[in-house]
Amino acid sequence: MSVGIGLLTDVLLSGTVLMLGLWVILTADRLRAAIGFLIYGLLVALVWVRLGAPDVALTEAAIGGGMIGLLVLGASTRLPPEPPRSPGAPARPRRWILHVIAAALSATVALGLALVVLGLPEPAPSLAAAVAAELPATALENPVTGVLMAFRAVDTLFETVVLVLALIAFWSLIPDAGWSRRPDWLPLPHPPPALVLLARILLPIGVLVALHLFWIGASLPGGKFQAGALLAALWALVMVAGLARPIAATERLVRVLAVLGPLVFFVIGLGGLWLAGDFLAYPEGLEKPLIIIIEVVLMLSVAVMLGLILAGLPSADTAVRAPKARPGTEGQP
Amino acid sequence: MSALANLFTVILVSLGLLFFLAGLVGLLRFPDPLSRLHALTKADVLGLGLVVIGLLPQVAWPFAALKLVALWVLVVIGGSIAGQLVAAIELGAADASADGNVDGKADRNRHGPEEDAP
Chain P
1 MSVGIGLLTD VLLSGTVLML GLWVILTADR LRAAIGFLIY GLLVALVWVR LGAPDVALTE
61 AAIGGGMIGL LVLGASTRLP PEPPRSPGAP ARPRRWILHV IAAALSATVA LGLALVVLGL
121 PEPAPSLAAA VAAELPATAL ENPVTGVLMA FRAVDTLFET VVLVLALIAF WSLIPDAGWS
181 RRPDWLPLPH PPPALVLLAR ILLPIGVLVA LHLFWIGASL PGGKFQAGAL LAALWALVMV
241 AGLARPIAAT ERLVRVLAVL GPLVFFVIGL GGLWLAGDFL AYPEGLEKPL IIIIEVVLML
301 SVAVMLGLIL AGLPSADTAV RAPKARPGTE GQP
Chain X
1 MSALANLFTV ILVSLGLLFF LAGLVGLLRF PDPLSRLHAL TKADVLGLGL VVIGLLPQVA
61 WPFAALKLVA LWVLVVIGGS IAGQLVAAIE LGAADASADG NVDGKADRNR HGPEEDAP
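Protein chains in written order, with UniProt numbering: chain P, 1 to 333; chain X, 1 to 118.
What the hints contain is simulated information worked out from the structure, not anything from laboratory work.
Be aware that one or more of the hints could be misleading.
Per label pair, the in silico range of CB-to-CB distance [said to hold, decoys possible]:
1) 29/X <-> 205/P: 29 to 39 angstroms
2) 87/X <-> 276/P: 23 to 33 angstroms
3) 177/P <-> 24/X: 45 to 55 angstroms
4) 292/P <-> 71/X: 37 to 47 angstroms
Beta carbons are placed, not taken as given, at the ideal position from N, Cα and C, and that holds for glycine.
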């Protein structure tokens with residue numbers, strides 16, 4: 001009975017995910033496609049829950065669906081409106097070729113993945129037993145956090161470095177004239193009172209939930225990335241509602257916070273070389289406090305970097321933003 | 001006792017799902033956005049509320065139960081405010097109602113943004 005219901009849920013869920021994915025690709029309207037992508041992220045998170053991977057589900061919901069969905073949504077509203085069909089007629093054949101190539105490449109990837117997964121021996125090779133055996137040495141209870149912070153810490157370190165590089169690449173798109181100006185994509189000129197109320201209510205609750213997610217990461221699904229993404233989303237909401245102004249790229253504080261996480265992680269890793277005999281090895285007895293320090297600064301860095309990317313870029317034209325010229329200099333620490 | 005709790009859960013969750021079904025039918029069948037919103041908010045508030053109440057006997061008291069209730073409260077807040085925003089856009093009243101107090105808010109925003117940064 002329960003197996004039947006589980007199978008029914010899985011079939012419905014995977015069918016919906018496939019159809020929604022197809023719809024997002026085929027729909028002509030950008031805004032609808034972006035909203036569909038947001039929902040797609042939530043459904044994929046549910047798929048991960050059904051697969052018994054709540055850590056991945058949380059990350060997918062927060063980053064894969066939420067964060068990327070917001071960026072896609074922002075991009076879709078900022079692109080110039082699509083030209084009507086008729087004058088675009090000569091350009092269409094080339095687009096069709098691109099579509100066919102993209103479809104062929106995607107199908108190849110999907111087929112290759114399917115072959116690899118279906119070709120795995122039964123039972124699939126796994127390091128889960130080794131992780132479970134060594135987990136007590138990390139003083140953590142959540143095996144996923146153990147893998148992220150101890151056994152494969154070097155991966156986590158470079159993931160956060162990639163985020164710094166992404167922020168630098170994003171900032172390199174700022175027009176020269178707008179360098180010290182605040183980003184102006186998010187704030188609404190006249191935020192509706194209901195939205196301001198929502199931001200006021202959700203901010204304290206959201207911060208509490210983020211800290212909870214962060215803290216239970218040691219023993220249950222959760223952790224710094226999910227908490228950081230949640231904090232960034234709250235920051236974006238507060239900026240949209242006009243309760244906080246976006247921060248210019250020249251602010252020293254956000255720059256320091258952005259690199260602090262990877263830097264502290266790297267320094268502690270180097271310390272391991274000297275104190276524990278290997279890069280990113282934690283000295284005996286100090287595992288837990290060191291991991292907590294790393295996770296706190298990484299959470300702050302992730303939140304700041306994602307928030308800065310969500311805030312968008314300052315515009316270049318001084319005419320529109322004349323009253324706000326050079327507001328970035330007033331708050332210099 | 002356990003059978004009674006299960007019966008309670010089945011009845012209330014089914015009732016809640018009925019509201020979701022009604023909300024879905026309304027979303028698909030009602031002619032204009034405001035009516036559709038009206039149908040959707042019933043699913044949010046009543047449907048999810050009944051599902052949550054129905055699940056209460058099945059979870060550990062107090063923390064898991066309070067979490068469920070907190071989820072419902074958050075969905076009600078988020079859903080009703082999102083409905084409000086959609087309705088305001090639909091009525092074209094977003095600007096008109098915001099114009100009245102936008103100046104006071106803009107002034108309050110002048111002092112530093114750093115304190116709100118996570």
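Here is how each hint holds up against the structure:
Our hint of 29 to 39 angstroms for residue 29/X and residue 205/P holds, since their Cβ atoms are close to 35 angstroms apart. A C-beta distance of roughly 60 angstroms is found between residue 87/X and residue 276/P, which places it outside the suggested range of 23 to 33 angstroms. Separated by about 50 angstroms at the C-beta atoms, residue 177/P and residue 24/X satisfy the suggested range of 45 to 55 angstroms. Distance hint check: the CB atoms of residue 292/P and residue 71/X are about 28 angstroms apart, inconsistent with the given range 37 to 47 angstroms.
In terms of the numbered hints stated before, the structure departs from hints 2, 4, listed from lowest to highest.
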